[in-house]
Amino acid sequence: MNFVIKKDVHAIIRAFSKQYKHTKKKGKSELLSRLVKTTGYSRKHLMEALPNPPKVRKRKKRIQKSRYLQVLKPLRILWQFQIMHADKDSSQ
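Just so you know, the sequence shown maps onto residues 12 to 103 in our numbering.
No lab work stands behind these hints, which were simulated from the structure alone. Heads up, a few of these hints could be off.
Claimed, not checked - Restricting the straight-line Cα-Cα distance to at most 25 Å, the calculated cross-link-like pairs of lysine to aspartate or glutamate (DMTMM-like) are:
no., residue 1, residue 2
1, K39, E59
2, K48, D19
3, K69, E59
4, K32, E59
5, K36, E59
6, K35, E59
7, K29, E41
8, K29, D19
9, K18, E59
10, K17, E59
11, K18, E41
12, K55, E41
13, K37, E59
14, K71, D19
15, K84, D98
16, K39, D19
17, K48, E59
18, K69, D19
19, K72, D19
20, K29, E59
21, K66, D19
22, K55, D19
23, K17, E41
24, K32, D19
To be verified - Label-pair distances were calculated between CB atoms; the ranges are:
no., residue 1, residue 2, range
25, K55, Q30, 18 to 24 Å
26, M58, V82, 55 to 61 Å
27, I74, R25, 14 to 20 Å
28, K36, Q75, 49 to 55 Å
29, R73, I16, 18 to 24 Å
30, I74, L42, 38 to 44 Å
31, K17, R54, 14 to 20 Å
32, P65, Q91, 52 to 58 Å
33, R78, L42, 38 to 44 Å
34, R70, E41, 17 to 23 Å
35, K84, P62, 40 to 46 Å
36, H33, R70, 30 to 36 Å
Note that CB positions come from ideal geometry on N, CA and C, so glycine has one too.
Whenever a hint applies, use it, and build me the whole structure from the sequences.
So this is what it looks like as structure tokens:
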């Protein structure tokens with residue numbers, strides 16, 4: 012049996028969803044038979060999935076806080092202090 016990636020299966024289900032909703036019983040049976048061969052899903056699952064196709068979900072980016080945030084503020088103060096002293100030393 013030829014299995015397809017889950018994302019592709021969802022795309023197939025979304026593509027045939029409208030056709031499934033507007034078809035009579037005989038057409039639905041034929042469509043289900045074709046989709047069972049294509050996707051590898053059971054008829055029962057497809058009968059539930061076709062009227063309510065899975066939605067496309069956006070992936071959420073995981074935002075990580077920098078581990079240096081606690082150290083950054085004191086470092087900036089030190090850098091400013093160092094720059095001030097470097098300016099004084101260069102002017103002498």
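Cross-check of the supplied hints:
{"no.": "1", "hint": "K39 with E59", "in the structure": "holds (12 Å)"}
{"no.": "2", "hint": "K48 with D19", "in the structure": "holds (14 Å)"}
{"no.": "3", "hint": "K69 with E59", "in the structure": "holds (23 Å)"}
{"no.": "4", "hint": "K32 with E59", "in the structure": "holds (11 Å)"}
{"no.": "5", "hint": "K36 with E59", "in the structure": "holds (15 Å)"}
{"no.": "6", "hint": "K35 with E59", "in the structure": "holds (16 Å)"}
{"no.": "7", "hint": "K29 with E41", "in the structure": "holds (15 Å)"}
{"no.": "8", "hint": "K29 with D19", "in the structure": "holds (17 Å)"}
{"no.": "9", "hint": "K18 with E59", "in the structure": "holds (17 Å)"}
{"no.": "10", "hint": "K17 with E59", "in the structure": "holds (16 Å)"}
{"no.": "11", "hint": "K18 with E41", "in the structure": "holds (23 Å)"}
{"no.": "12", "hint": "K55 with E41", "in the structure": "holds (14 Å)"}
{"no.": "13", "hint": "K37 with E59", "in the structure": "holds (17 Å)"}
{"no.": "14", "hint": "K71 with D19", "in the structure": "holds (20 Å)"}
{"no.": "15", "hint": "K84 with D98", "in the structure": "holds (21 Å)"}
{"no.": "16", "hint": "K39 with D19", "in the structure": "holds (21 Å)"}
{"no.": "17", "hint": "K48 with E59", "in the structure": "holds (17 Å)"}
{"no.": "18", "hint": "K69 with D19", "in the structure": "holds (15 Å)"}
{"no.": "19", "hint": "K72 with D19", "in the structure": "holds (22 Å)"}
{"no.": "20", "hint": "K29 with E59", "in the structure": "holds (14 Å)"}
{"no.": "21", "hint": "K66 with D19", "in the structure": "holds (13 Å)"}
{"no.": "22", "hint": "K55 with D19", "in the structure": "holds (19 Å)"}
{"no.": "23", "hint": "K17 with E41", "in the structure": "holds (22 Å)"}
{"no.": "24", "hint": "K32 with D19", "in the structure": "holds (20 Å)"}
{"no.": "25", "hint": "K55 with Q30: 18 to 24 Å", "in the structure": "holds (19 Å)"}
{"no.": "26", "hint": "M58 with V82: 55 to 61 Å", "in the structure": "holds (58 Å)"}
{"no.": "27", "hint": "I74 with R25: 14 to 20 Å", "in the structure": "violated (30 Å)"}
{"no.": "28", "hint": "K36 with Q75: 49 to 55 Å", "in the structure": "holds (53 Å)"}
{"no.": "29", "hint": "R73 with I16: 18 to 24 Å", "in the structure": "holds (23 Å)"}
{"no.": "30", "hint": "I74 with L42: 38 to 44 Å", "in the structure": "holds (43 Å)"}
{"no.": "31", "hint": "K17 with R54: 14 to 20 Å", "in the structure": "holds (18 Å)"}
{"no.": "32", "hint": "P65 with Q91: 52 to 58 Å", "in the structure": "holds (55 Å)"}
{"no.": "33", "hint": "R78 with L42: 38 to 44 Å", "in the structure": "violated (54 Å)"}
{"no.": "34", "hint": "R70 with E41: 17 to 23 Å", "in the structure": "violated (35 Å)"}
{"no.": "35", "hint": "K84 with P62: 40 to 46 Å", "in the structure": "violated (56 Å)"}
{"no.": "36", "hint": "H33 with R70: 30 to 36 Å", "in the structure": "holds (32 Å)"}
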